[in-house]
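Q: In case it helps, my numbering puts the sequence shown at residues 1 to 872.
Derived from the structure by calculation, the hints contain no laboratory data. Please note: incorrect hints may appear among the correct ones.
Claimed, not checked - Derived Cβ-Cβ restraints for the label pairs, each shown as a range: (1) K243 with S304: 25 to 35 angstroms; (2) I820 with K711: 43 to 53 angstroms; (3) K475 with H120: 50 to 60 angstroms; (4) H841 with D263: 45 to 55 angstroms; (5) E235 with K376: 48 to 58 angstroms; (6) K475 with S304: 51 to 61 angstroms; (7) I125 with D299: 30 to 40 angstroms; (8) G242 with D263: 18 to 28 angstroms; (9) V159 with T334: 50 to 60 angstroms; (10) D289 with V159: 51 to 61 angstroms; (11) T442 with E193: 53 to 63 angstroms.
The beta carbon of each residue, even a glycine, is placed where N, CA and C say it ideally should be.
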Amino acid sequence: MVIEKTYTPDQVEQKWYRLWEEKKYFHSSPNPEKEPYCIVIPPPNVTGVLHMGHVLNNTIQDVLIRKARMEGKETCWVPGTDHASIATEAKVVSMLKEQGIEKKSLSREEFLKHTWAWTHKHGGIIVEQLKRLGVSCDWERSKFTLDKDLSDSVTKVFVELYKAGLIYRGFRMVNWDPSGKTAISDEEIYYKESVSSLYYIAYQVIGSDEFITIATTRPETILGDTALCVHPDDERYKNFIGKQVYVPLIKRKIPVIADEYVDMTFGTGCLKVTPAHDQNDYRLGIKHDLPFVNIFNEDATLSSEAILFTGMERFQARKTILKELKKNNQLQKTEKIKNNIGYSERTHAVIEPRLSLQWFLKMDTLAKPALDVVEKGQIKFHPEKFINLYRHWLENIHDWCISRQLWWGHRIPAWYCDCEECKDLIIVQSEKPEKCPRCHCTKHLRQDEDVLDTWFSSWLWPITVFNGINEPNNKEFLYYYPTNTLVTAPEILFFWVARMIMAGLHFKENIPFKNVYFTGIVRDKHGKKMSKSLGNSPEPIALINKYGADAVRTGMLLCSPAGNDLLYDEALIIQGRNFTNKIWNAFRLINGWKPDKEIPFNHSLALRWFESKLNQSIADSKTLFNDFKISEALMLIYKLTWDDFCSNFLEMIKPENTDSIDEQTYLKTVSYYKSILKLLHPFLPFITEELWQYLRYPEEENHIINANFPKEKEVDTYLLENTEMFFQLITTIRKLSGGRKKEKNSNDDILVISNALKPIIEPFSLYLSKLTGINQIKFNREAPTLSAISFFIKDKECFYINPVAQKNDDKEKENIAKEIAYLSGFLTSINNKLTNENFLHRAKADIIEKELLKKKDVEGKLRILEANLKNL
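My request is simple: use the sequences and hints to build the entire structure.
A: See below:
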């Protein structure tokens, strides 16, 4: 058969993905004869395009789905996109501005018409990009969080929770985006360290010439002050507790109160309390029954309650107020400090804590059951370290602000009647009421303008993708729910994962998934989080075009254990590309051989070794998969393929000076290679499908996507141990001979092996000579009389004699000295780690054990090298 010299991913990938879709290999239906395996995709924003985090997350999901499919399970991977209220609305507002259209000039219906048009135009981009990555989602099941059945579910849940007394409306402190004019959640804020000014401002004590000085970074908020607060044990201020001061510029009288919350060491030790514009001050205001003065409008201009500078933008007001304070001699000094300032992720406006009328969901009653199922192991976290973070959040939970002042999203199903006697009435139901239930009028009913937080639809995702709210007993929901695994980022552990667990337990009395796999954050090689704004994030599609999807998948997975951040470097993708080339070239080598029944079979030992190695790797990979060590499983199979199969096994059996090989060895080699392709398929789906077509027998599966995943069989551990020593011997000789395999019969090198190793090494004599080129191999109890380099295999001394090298002792000394320098540096780094208290405290026992073994190995190598240097 003819096979191309080089692997061309673009042609192969398009061909096979198209066929997989045509054959409906990704499709799933409930099958009582098969065990279900289900994953629901974390829905990317409909506004989004593929980034490196998506690549990592979706590759892991695809690996799990493809492996389960090969294990004969009924696999169902549900894709979908999120309507992303704030992000989508911001993009549409920006698009309209470019057309000269302001949002406020449009009716709600007109704006939504523009938004739907934009969504239909751009919403499919990320889906097509995911297909380029090779993900095997059941695209026929694709969901959008604003689909009618999902929207109906959201409305039904809201009404149910309101009637149960868990949803309420009230004035609370929220994160306010002045540009978007909406409340936003904590995860929609990013923080930047900034150099800010700390202003020291004097407040006059009423009836006295004395002043109390406070320090603040936000002087504009003094107009909303309703108290000063000191620590009750602070001797500097004890005499002022209970007195009153004037708020600078506006002369409002406010009290001096005491509370242990105050940090006596920060600033002057006296706080200004602005309950309407600071989260901590809000709590103090509630505790001490202080007035709330809301000095900002929705756009962060000063309101009439500020008394001065009404309508002025907040940062301009800051400058103006500082000038006035300086004029009145109340600005005493200014210092520079570093602090973190919160910005809206979507509009990049500085966030303003603001008291606002919003809808909230009570969380305390939902939190306890959600904590119990994780602590009892009904839902397993991988890695487990995230349980502590989860527990901390649930034990310190606050009510969830679920309303947003936007037009795009699920509109809150609440109505009001504007008749005078109905001002306090709230009507919550799925459909618009025909008339007011109190005054019976029909003309003055209006629906709440707000929409629900995007997460309010997302927390129902594992249920609503199977219509489990509207039709709780439908066969799909009963078959696929609870799902098997959720793959997600730890940043949304609280905002999404925890809430999905709450929703599953509250509405279905069942967990939504059995396992949660946490990916790490993808960072650049300097440790910075990747983002387009920083310009440090590559375009995944460009990488796929350049190297192929399999290479990108491999590169991203090789160095990303669960929960650990990935330091991205394009070298990782190049390593993935090199691996695909290695797989391709291995087949080209095998394909070039001609099986011949007349050639005697003499590779029994090599075949038995590799079969045991393959079976051991299958068993080990199963354990790693079961423990959700996906990266480690890939590394295991990578080494099996590259080191054991290509570098060792194929070199052992490769015909010399001919293309002919005995038939039994050839057939066994093809069988092993096909098993390797099956092991690799979940990770590298395209190249394995392509190569499968060259190798499969007529009675085997047409496509590797449906082939059976290899199962572990008997392992000869004694043979594996012996072979490991044999390869240790090969590696040592190659190092001592300058890293090159000598041509057979081309040198006078002599290898003297300890007689104690004879039962282990002698069966490999054929391969020892073949892989090293050394003809003279002796087994002896005593050291040779010739000058020799000694080394140890299993604590037994062996000797390597290279007459040519002895004539060039200076060069040999230089090579050994370089190796000693390298290993000494490596040993220092190991010792530094093993003496680091932080490492010893945080690292698991098996990790520390690995470092100790490394240390022992390096120290042994150094002893040999130093002895050899001395001999020379």
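Q: Is the gap between the beta carbons of K475 and H120 within 50 to 60 angstroms?
A: violated (31 angstroms)
Q: Measuring from beta carbon to beta carbon, are H841 and D263 in 45 to 55 angstroms?
A: Violated, since H841 and D263 (Cβ atoms, about 29 angstroms apart) do not stay within the stated range.
Q: May I ask you to test the hint 18 to 28 angstroms on the CB atoms belonging to G242 and D263?
A: About 21 angstroms separates the Cβ atoms of G242 and D263, which means 18 to 28 angstroms holds.
Q: If you check the beta carbons of E235 and K376, does the distance land in 48 to 58 angstroms?
A: holds (51 angstroms)
Q: Quick one: are K243 and S304 within 25 to 35 angstroms, going by C-beta?
A: holds (29 angstroms)
Q: Measuring from beta carbon to beta carbon, are T442 and E193 in 53 to 63 angstroms?
A: holds (56 angstroms)
Q: So the hint says 51 to 61 angstroms: do the beta-carbon atoms of K475 and S304 match that?
A: holds (60 angstroms)
Q: A range of 30 to 40 angstroms was offered for this pair. Does it hold for the Cβ distance of I125 and D299?
A: Given range 30 to 40 angstroms: holds, Cβ gap about 32 angstroms.
Q: Between D289 and V159, does the C-beta distance stay in 51 to 61 angstroms?
A: violated (35 angstroms)
Q: With respect to the beta-carbon atoms only, verify the hint that V159 and T334 lie 50 to 60 angstroms apart.
A: holds (53 angstroms)
Q: Do I820 and K711 keep their Cβ atoms within the hinted range of 43 to 53 angstroms?
A: holds (46 angstroms)
Figure legend: structure checked against the earlier numbered hints; hints not met, in rising order: 3, 4, 10.
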